Amino acid sequence: MVEAFSSLYEGILIAITPENILYCFIGCMVGMLVGVLPGIGPSEATALLIPLSYGLDSVTAIIMLCGIYYGGMYGGTITSVLINTPGEAASVITCLDGYPLAMQGRAGVALKVAAVGSFVGGISSTFGLALLGPAVADFALSFGPSELFALLVFGMSTVIGLMGKSLIRGLIAVCIGLSLALVGMDPISGTIRYGFGIRELVSGLDVVTLSMGLFGLSEILVGMENLSVAGKATAINSSKLLPEEVRPTVMSIIRGSFLGFFMGLIPGTSSAVPALISYSMEKNLSKHPEKFGTGVPEGVAGPETANNSYVGGAMIPLFTLGIPCSPTIAILMGAFMMHGMTPGPTLFITNPDVIWGTIASMFVGNIILLILNLPLAGMWAKLADVPSKLLYPVVLIVAMMGAYTVDNSVFGIVVMLISGVIGYALKKLDIPLAPTILVFVLADMMEQNLLQSLKINSGIGGLFKSTTALVLLIASVVVITFSLIAELKNKKSALLTHDE
Amino acid sequence: MKRVFSIFLVLSLFLAPLAFAEDAAAKFPEREIRIIVPYDAGGASDMTSRIIATGLEAALKGTVLVENRSGGSGSVGMTYARESAADGHTICYIPVELVMQKILGISDLVPEDFAFIGRLTEVPAALTVKSDDDRFNSVDDFIKYAQANPGKVTVGNSGTGSIWHIAATRLEEETQTQFNHIPYDGAAPAVTSLMGGHIDAVTVNPGEVLAGVEAGKLKVLALMTEERDTVSFADIPTLKESGIDVVIGGWGAMGVPKDTPQAVVDKLSAALEQAASTEEFKKFIAERGMIVHYMDAASATEFIDEQAVFFNDMLSNMDLD
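Protein chains in written order, with our numbering: chain A, 1 to 500; chain B, 501 to 821.
Note that these hints are calculated values from the structure, not bench results. These figures come from a predicted structure and were not determined experimentally. Note that CB positions come from ideal geometry on N, CA and C, so glycine has one too. Any given hint might turn out to be false.
[To be verified] Derived lysine-lysine pairs resembling DSS-like cross-links, with alpha carbons at most 27 Å apart: (1) A:Lys492 - A:Lys428; (2) B:Lys652 - A:Lys465; (3) B:Lys630 - A:Lys465; (4) A:Lys455 - B:Lys630.
[Stated by the list, open to error] Below, a sample of chain A positions facing chain B; criterion: calculated Cβ distance under 10 Å: (5) Pro145; (6) Gly268; (7) Gly461.
Please work from the sequences and hints to get the whole structure.
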């Protein structure tokens, strides 16, 4: 551990050279910009900037490209909060309480809380990366298909808590999400399900275009019904937390950092999973769970912290084992290779300056991003004041451009438009959208891992042989049972009050 | 006079397109060239294309961009490229998956849809296991164990019907063994699973296991190539050395839509050869565990046609489970 500190010190010296700070800044800015624009994600931006990085010194190049990655996590919040349009799966959770806060004129609160949370998440997970790295890498490897399946089941069980007042409607949402996830190639046999002969459907629907349509477009469609009414209610325009909100928010940030960090270690998850589990955790631990969904700051802070600390955790398998946990990390890995380095434990020996310089620059980057986001939060929040008549067309165009860039194909726009209409219908029927998209994200991974586990163990035994998997499955049952009991209690008291 | 004149006119009408073609080649490239990569950014095909793009820019003195259009085992990108204007401004990275599209029922793409400008790399399959797995210290150990335990040895691949799955199946056929094939979404998750001890082996390309080998967690038992690769894997035997005649792997080539004028194709081929001979390219390919094995347009076309026959025969007789 001691040598970690001295290596870190060396790394900091590297990270704070003017050139490296400049490129770190560029990376963060690009990342944020890209995060704000729905559709283009950090992965595309990283890939686009790799050629630009050739002329740079290896460390500088990697610093810049990493900056894009975690910068993107900061930017994704803005569109989720202001226009209910998540740019990627992780931001979907932020919409749940972020957008209601914006509607109450408290967009500034949401953005500020998210910025601080993201900062804490980023910094703490970078510390974790620096100090714990190699030690926890083996923990990551212990997660095979059985364990991963159990973890995803656990994540799915927490979705129950998001179903809102009507369990039936929530279950319908889950079914819709599962049906959408069915589209695509069967992982084991390769048969194409619901392809309708359309080539683009062979690999299934894309979560970004789906969520942009389900959330963003449907919001516009609903808003257009009463366009004559003033766009948004902005009676209060404060960016301050109410005193009773401070403690839950702080706690959610602390919990979120741990959660995101450990989830980042597990290969095969995406940043949506820690965000989801953080939200459910906060709701279940809260003194006023029924308020979630109406604009509760800790419902934004927790998930935002979790998805940023996920980044730090996800770097660990990359640096220590050379395993990329997500598409963006895979590109980062490619960038390493383009500069002649192979990420893995030998990199610590052959190029320690690159590793430690990069880690140290993550501290710098997070500081830069906090400085960029905190004061700007108020400015972004003003965007919520723009009358819908003007805002909607702009959002629509940006969303359509974003949908196109996902796979350089008009088909993405088609998917977004159709899911927008579906989202509108769901909103009218009061069917919650969050479970739909979250189930969609989880179902794919769940099916793959379940089938792999079944094949490896020639049966369902694998799930019970592994302690980790067993624990997670039992936890899922517990969570579902408690959620159901809570729902029934609510219904009972609702019925009682009705009778009176 | 009038007749001569009219004959001349008719003749010139036939010759005019030739002039345009020459013109087209002379002016080529008139705008930016795009390399369509039918896979996501960050993968081997993507990175290879990006390095080639910089090489092509130098050779053609123009802008070359890389565009990712992934999906459908490469069919989305390749079909898009096939249907682009045949003026040489849209090149496609063509992986081995092209020759398997029709027989696997994924799409109607066939090699005849493209005019190949060259083959760049060979991507061999490597039989890899955990380094501390005492059951397998050599290929012979592995095969003997598999023969004694049919259906028990789990071998990971990058997807059902992927080249790595087929490689493992070829190995089964040749050695009368039966593996338990576990499909993953790409090679990286399979390698991760192997490192965690959840599966017994993988048959993916060396580049994906390099980091694990260097970390001391994995060991490559054999490469499925014709002869040893003296550049990067001098001490890894081939399957052939153990008496198993299995030579199989992927490859990466570049192609344009089939009706592209020959003069443009020639210009692109020359530029590609230049791009593939740079030290930078060779170093990068070697580091990613692939083999630079450049083939010019004519050889590449012949090779790919042979591959089409090879895979069609094999796959129609194979029972991919």
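Hint check results:
Distance hint between lysine 492 of chain A and lysine 428 of chain A is fulfilled; the C-alpha atoms sit about 26 Å from each other, no more than 27 Å. Distance hint between lysine 652 of chain B and lysine 465 of chain A is fulfilled; the C-alpha atoms sit about 17 Å from each other, no more than 27 Å. In summary, the hint linking lysine 630 of chain B to lysine 465 of chain A is supported, as the alpha carbons are separated by about 21 Å, within the 27 Å threshold. Proximity of lysine 455 of chain A to lysine 630 of chain B is assessed by CA-CA distance (about 20 Å); at most 27 Å being required, the pair is judged to hold.
At about 6 Å, the closest approach between the beta carbon of proline 145 of chain A and any beta carbon in chain B falls short of 10 Å, and the interface hint on this residue holds. Because the closest C-beta pair between glycine 268 of chain A and chain B is about 6 Å apart, less than 10 Å, the hint holds. For glycine 461 of chain A, the suggested interface contact is broken, since its CB lies about 14 Å from the closest CB of chain B, more than 10 Å.
The structure fails hint 7 only (numbered hints given earlier).
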